[in-house]
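Engineer: The primary structure of each chain is shown beneath.
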Amino acid sequence: MLNYEIVVIGGGPAGLAAAIEAKKNGAKEILVLERDLELGGILQQCIHNGFGLHVFKEELTGPEYAERFIQELKDMGIEYKLDTMVLEVSDDKKVRAMNREEGILNIRAKAVILAMGCRERTRGAIRIPGTRPAGVMTAGTAQRFVNMEGYMTGKRVLILGSGDIGLIMARRLTLEGAEVLGVAELMPFSGGLNRNIVQCLEDFDIPLYLQHTVIDIEGKDRVEAVTIAKVDERYKPIKGTEKRFDCDTLLLSVGLIPENELSKSAGITLDKITAGPRVNEAMETSVEGVFACGNVVHVHDLVDWVTEESRKAGRNAARYVSGALKNKGNKIAVQGINGVRYVVPQEIRPENLTGKTEFMMRVDAVYQNVTLVAKIGEEVLRSVKRRHVAPGEMENLVLDLGNINPNNMENLTIELVQEEGA
Amino acid sequence: MYDITVIGAGITGTFIARELSRYDLNILLLDKENDVANGTTKANSAIVHAGYDAAEGTLKARFNVRGNKMYDEICRDLDVPFKRVGSLVTAFNEEEMETIQCLYQRGITNGVPDMKILDKEEVLAMEGNLKEDIKGALYAKTGGIVGPWELAIALAENAVENGVELRLNSPVTAIKKVEKGYRVSAGEKTYKTKVVINCAGVYGDQIDQMINEKTFEILPNRGEYNLFDKSVGDMVKTVVFGCPSAAGKGTVILPTVHGNLLLGPTADPIDNKEDTRTTFDGLTSINDHAKATLKQIGFQDVITSFSGIRAKVARKDFIIEKARGREDFINVAGIDSPGLTAAPAIAEYVVEMVQASATSLEMPLREKENFNPRRTPSIHFMDLSTKEQEKLIAKDARFGRIICRCENITEGEIVDVIKRKAGATTLDGVKRRARPGSGRCQGGFCAPRVMEIIARELDVDMKDVLKDGKGSYILTEKTK
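Protein sequences, first through last, are from chains A and B.
Each step along the first sequence adds one to the number in my numbering, with nothing skipped, and position 84 is 84.
Each step along the second sequence adds one to the number in my numbering, with nothing skipped, and position 404 is 404.
Same shape as in the complex, but just chain B (with noise of 0.2 Å):
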């Protein structure tokens, strides 16, 4: 009998994981896919926003502007990359000003710190690749940029260091109330929980369905987006969002964690939960936005496309509540922008929910006395010193083995996030974690090397090792 099972393992579903486990409860966390943060989480803006966006009084402008705050922390202790880097709203002409002058007045409505209206030359000075024709920009000091998927992993790793129980491989099929809980049925089990906390994203509505009467339906919209390579990294050095109008929020163009120059999204309404194409109309929108945006920016440097997919609902804020009154099944659905940033935030108040249910529940929140919210340190082996560095291959051979020749990623590093909790069993998986096939060759050279790593130390075929999701094999056959 599981305490608490969380359903969804992006990053909302890992950060209330991990807030759990601060707590003397077993806790159940299960996913449908092979890895945690394989759906949105892995496939969004990456930007920790300032909190200006979002009406006041929403759950979405409190726990953003909350959430923001908490960020610092959070990322040291889990050694997850976290840039303040600041983010700006263009403004090219007067209608655009106004719309700065409002989202600045709503900045201040929402209690979001240190922003200012530039005006020309600021901005200029900030950003000098931008257009000379810009006329001014809101600008946050606390915007900022993370790792999303590298957050959701270290998420996870940490809370099954401290005892949460990660199922992969496990769609939730049926949920069945049962006296003091629910019993769930995902993958080949089932499971007994008193408490479910409904995570799963896109697919939030069918899950809630599973055991009450339909109240809100997930509207998916799609995002799409164009990766650079560093060389052009530098191109804006803060978050650059257009002006958000009627049509949309604007398109950003951001640099990543990483250095590289990450620009989008689009925004269309789609049917299909798992439609994760891109479209050359989407992309050609976006770029067309870049050139409006930018002096210089170059296509030939788009290092690869992706999309992902918003978890939209009608109600234009986060549901997070109780389905129906019931103590013990809390829905987290909605959680579209600022869904990363407000995370944190969010996984807070969902444990105080538990909290203010626990006697009801009979399921008192006793603090461990051993949680441990640190990770162990993942190795990051090209920003060591060079006495580190040879400390460390004196100690272990295969971290003077570069695998991955774009982003010098070393066999030891790749070993260590295939070996770690919540660890790495797939090429991507790999890549989300340590990097390789990220750079301008894509995995060209490096993937059969990763592959053959992967093969050996989890014992497996290389033709078994996958590319991402389940049926994603790189190879079929042996030849002849």
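Next comes chain A alone, as it looks inside the complex (with noise of 0.2 Å):
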């Protein structure tokens, strides 16, 4: 049995900035456990630049982006393993892992950082008709064969799906030769951020069908067409509004889903909104000592934004371990509500809040001109105006919560109310 103050689960942008975080803050012993070959996780195919103007106030592409973190990791001693799965998480924060060199591992952690990422929707979840031939995949796969393998995966390509992989695939089949042909999108929004509408589809003339989905495949071996119609309001396809594609690939970007199997080991409560671990605001699951962050919890999307959440994670997994973080006194249930689809964290602790709190929360529509208000029961905390919000834009909201009633019963609350005459 190996023992470590904390075990990261996951090397990806997640876990790599919670383990750096928890040594600044005291940690000593840590080990990062990563499945894959290499540190950075997704962001090692993501070569597209973007990536760090929050963070280092500069554009950086997906590897480089890693590349300071792992640099940072590495410069600290922290330890790390790689090709290296993780099979099982349990309840008292006991860690089996295997790997080629050393077999079975056994490792029992003081506190445990599950960072595990996410993984992408796929055909069978959202029910496509049609036949099973090869060309169709997810974007994230076809992003994966063409950055890292090298390999092209179609030469005529329609795309399902406005998240921000397949927005972004579009460009980059698009600039190595292939001709992708649309983006249809279930929603009459697209899930993707505007910057990629723009500069992936609108920059190249690529259309975007909103209000539309796949209602048929051909061909048996590989794709030969792809049958897209509008959708009325309840997502069913309008007769008559059939358009067919002759293309050799699909690529589907409908989705992530939080990666929790190992979650549901360990008897961790997931969230039904976000299909991540519900947390508090150190970023502790249901079980104590057991912490998460990045999109195992919810999917984000900017991988800045990660980073601050893991950090956040790291620091406060240092603070279990040394025994600073307390877990004594009243808990307080936050609550998205009227527009706000969720809210991470899902539960705040009064003990441990020193000031400024910061809440991440997406929307179940696009609204403008709107006000996000914050409240405890009917006492208003803070109210902030967005003159456009959208669920493909993760929206934060700060709260000073430095001077909150300690034994205050009432749930906070965070909600849009629509600006009078808009």
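Since the hints were made in silico from the structure, they are not lab data.
Keep in mind that this is a model prediction, so the values were computed, not measured.
Incorrect hints may have been included.
Unchecked claim - In the DSSO-like style, the derived pairs of lysine-lysine whose C-alpha atoms are separated by at most 27 Å in a straight line are: (1) A:93 x B:230; (2) B:463 x A:220; (3) B:237 x A:264; (4) A:94 x B:230; (5) A:110 x A:328; (6) B:480 x B:419; (7) B:237 x B:214; (8) A:220 x B:470; (9) A:264 x B:230; (10) B:322 x B:192; (11) A:385 x A:375; (12) B:391 x A:81; (13) A:220 x B:391; (14) B:391 x B:192; (15) B:214 x B:192.
Both chains are given apart, each in its own frame, so use the hints to dock them into the complex.
Structural biologist: Following this line, the structure appears as structure tokens:
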């Protein structure tokens, strides 16, 4: 049995930032376990730029962004194991992992940080009828083939879903000489960042078909054609609106799912909406001493926010190990209501709040001219105007909770209020 | 000169080839696809039926009941997942209660053991997720679930280990009668054989008509399915059939041997024997059945949808006979449900037919001394104890490297299924044998890795690694 103060599961942006921050906050024996052959996670296949605007105030590519953390981690002498798969995490913080050189590893940790990231939703999850040929794949898998393995995945491409990876791949495949015929999006708005719509579609004259979905895939061995159709407000395809594209590839960018199989093995409570662990102000899950951060908690759209959230988790894991994190007092539930789909953290403990506390959230639709209002009971803590909010863009709200009544029994709510006359 | 050529390496063809490999014969097993089990065998309900469905006196009834009994031993010998989980036919009203009474009686006539009519309380005690308005059910203890393509692959492998010659990528294009046998053109080659056994599934009629006048026609009939994630695999514990009616045999909800949940099938006549598409209406209809039957079912947990084609014939029974009295041409056709269950009994029967004609064919059947009914055991790393796992990794480090993170499949297991007899050459071939890519990410993460391993082990370029059938290329060219 190996012993560490903190075991970090996942060496992507979340795990790296958490490990570094834990070390900076006094934790000594830290081990990062990474299942891939290198640190950096999915950033390593994101060779486009646009990373780091908030954290570093400059535009980096994914690998460059990752490299800064990898270098810092190595400089700090934090231990890590690559090509190592974690098989199980128990609720008493024992971690079972394996790799080629050491075989089965049993590790006891004082604190665990879950940073496993997320996976892509697949064809099956969205029920696309038709045949099952080669040439239907998720945008992230195509990204790996193109950017890391050096192979093209098709010549004439249609994309379903306007998530960020799909948008990025529309541009990437175009630059590599493929013809991207269009992007179909089920919703009346894109799920991706506005900047990606502009830079990846509009700049290349790739049409975006809002309120459209794929209704048929043809081709026995390889995709030969894909048909899309407009949908009504109940997402049912409308007869007569079909458009058939001769193409050899259908890329799917239809959402990301936090990867929480290990969290389940540890008995951690998951949030039904985020599909990630419910966390408190310290990014601690329902199992004491097990923290979580990054896309395993909720899917982010910018890695910069992952980094910030993960630093919080790392810092608090170190405080937990040193006994500085309190867990005796009252707990206040945090809820998104009236247009706010979810808020992270889902719970706060007043005894650990020192002042400014950041909340991350997503809205459930596109709204113009609204106010984000945070309340405890009926008392308004803060209200902030927003000209435009959309599900594809995560919102954050900083609340000063230093003076919160520690015995407060009411929920903290965050909601959208439509401006009058708007 | 081959003694016997079996056309079609699906569940029927592989069972027959393997059964024949007990004897000192030159056997050729042909398939048009680039892998065994690549037709109906890879897309069906995966059920070992108890045997109360088929009308009494039919071959279906006889071979279903007999085949069911043979499953334990065969799956043990071949190391194939098989579980007797029992089956239920549900009844939600009085009319359906009468139907299950009839099924019970038919089961008795067919010789099905261990059946019982359950009342509401008994059913709910067995399947707590069934809707409360259930009236009763027919329970059959001998109903089971199996991995159908795993079984066919294991049979092919064991057959090859026992001397059968397997030729894939060999669509039969012509059969000519010659003296003392036939000349079979398949792929680029021509094979001389004394006996032809036609197990060509949905193409059984076409193969038959290469030599004989038309006596039967395969009526392809498509069934669509939804497969759910393992997290909801315990929604039912037994094979739960809807009550059969004039409209059909009823939809089934069942656990799979790997712990997923399977729902289906539809039954739609189609024109094209390759038309394995799924349809919005088809999937909706099976989902509606599940909603009407179960208290709890979430369609967000569907990980894939697929369809398979039944080889139906107008006769409503299996066709297992010498083609128009020819001693040396046996048709095994129209093997739709319960074909999977019946297959071992069909194989036994076909060997008896060959035996009966042995003298006239001048082809005596002598049992081999060295026939090995057991195939080289496969490795399921995650089922081993920690000690065994450590030993295996120490011996071969590739078992220490997980490639499929959803199903925890190691590189060692993937290499093993590529290196075996009748081994995998494609991404789906590896998936059907070792299961990487069959989990919740459906190969999103592991497909590039598995392709690398296939390319390395078979010494081909990544670009030439196929997803499944010929023409199912995944990568088109190198990037700029």
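Engineer: Now, for every hint given, state plainly whether the structure supports it.
Structural biologist: Going through the hints against the structure:
The hinted pair formed by residue 93 (chain A) and residue 230 (chain B) meets the criterion: a straight-line CA distance of about 25 Å does not exceed 27 Å. A distance of roughly 19 Å separates the Cα atoms of residue 463 (chain B) and residue 220 (chain A); the hinted pair therefore holds under the 27 Å criterion. For a cut-off of 27 Å, the pair hint linking residue 237 (chain B) to residue 264 (chain A) stands: about 22 Å separates their Cα positions. For the hint pairing residue 94 (chain A) with residue 230 (chain B), the CA-to-CA distance comes to about 24 Å; that is within 27 Å, so the pair holds.
Under the criterion of a C-alpha separation no larger than 27 Å, the hint pairing residue 110 (chain A) with residue 328 (chain A) is consistent with the structure, at around 19 Å. Proposed proximity of residue 480 (chain B) and residue 419 (chain B) is contradicted: the alpha carbons are some 34 Å apart, above 27 Å. Pair hint residue 237 (chain B) plus residue 214 (chain B) does not hold up; C-alpha atoms about 45 Å apart against a cutoff of 27 Å. Restraint check for residue 220 (chain A) and residue 470 (chain B): the C-alpha separation of about 10 Å stays at or below 27 Å, so the hint holds.
Note on residue 264 (chain A) and residue 230 (chain B): the hinted pairing holds, with a Cα-Cα distance of about 13 Å set against a maximum of 27 Å. Of the supplied pair hints, the one linking residue 322 (chain B) and residue 192 (chain B) holds, its CA atoms being roughly 19 Å apart against a limit of 27 Å. Only pairs whose Cα atoms come within 27 Å are accepted, and residue 385 (chain A) paired with residue 375 (chain A) is accepted, the gap being roughly 15 Å. For the proposed pair residue 391 (chain B) and residue 81 (chain A), the alpha carbon gap of about 21 Å is at most 27 Å, so the pair holds.
Annotation: proposed proximity of residue 220 (chain A) to residue 391 (chain B) is violated, straight-line Cα distance about 43 Å (limit 27 Å). Straight-line distance between C-alpha atoms of residue 391 (chain B) and residue 192 (chain B) comes to about 48 Å, which puts the hinted pair past the 27 Å bound. Taken as a hint, the residue 214 (chain B) and residue 192 (chain B) pair is honoured in the structure, with Cα atoms around 23 Å apart against an allowance of 27 Å.
Checked against the numbered hints given earlier, the structure breaks hints 6, 7, 13 and 14 and satisfies all the rest.
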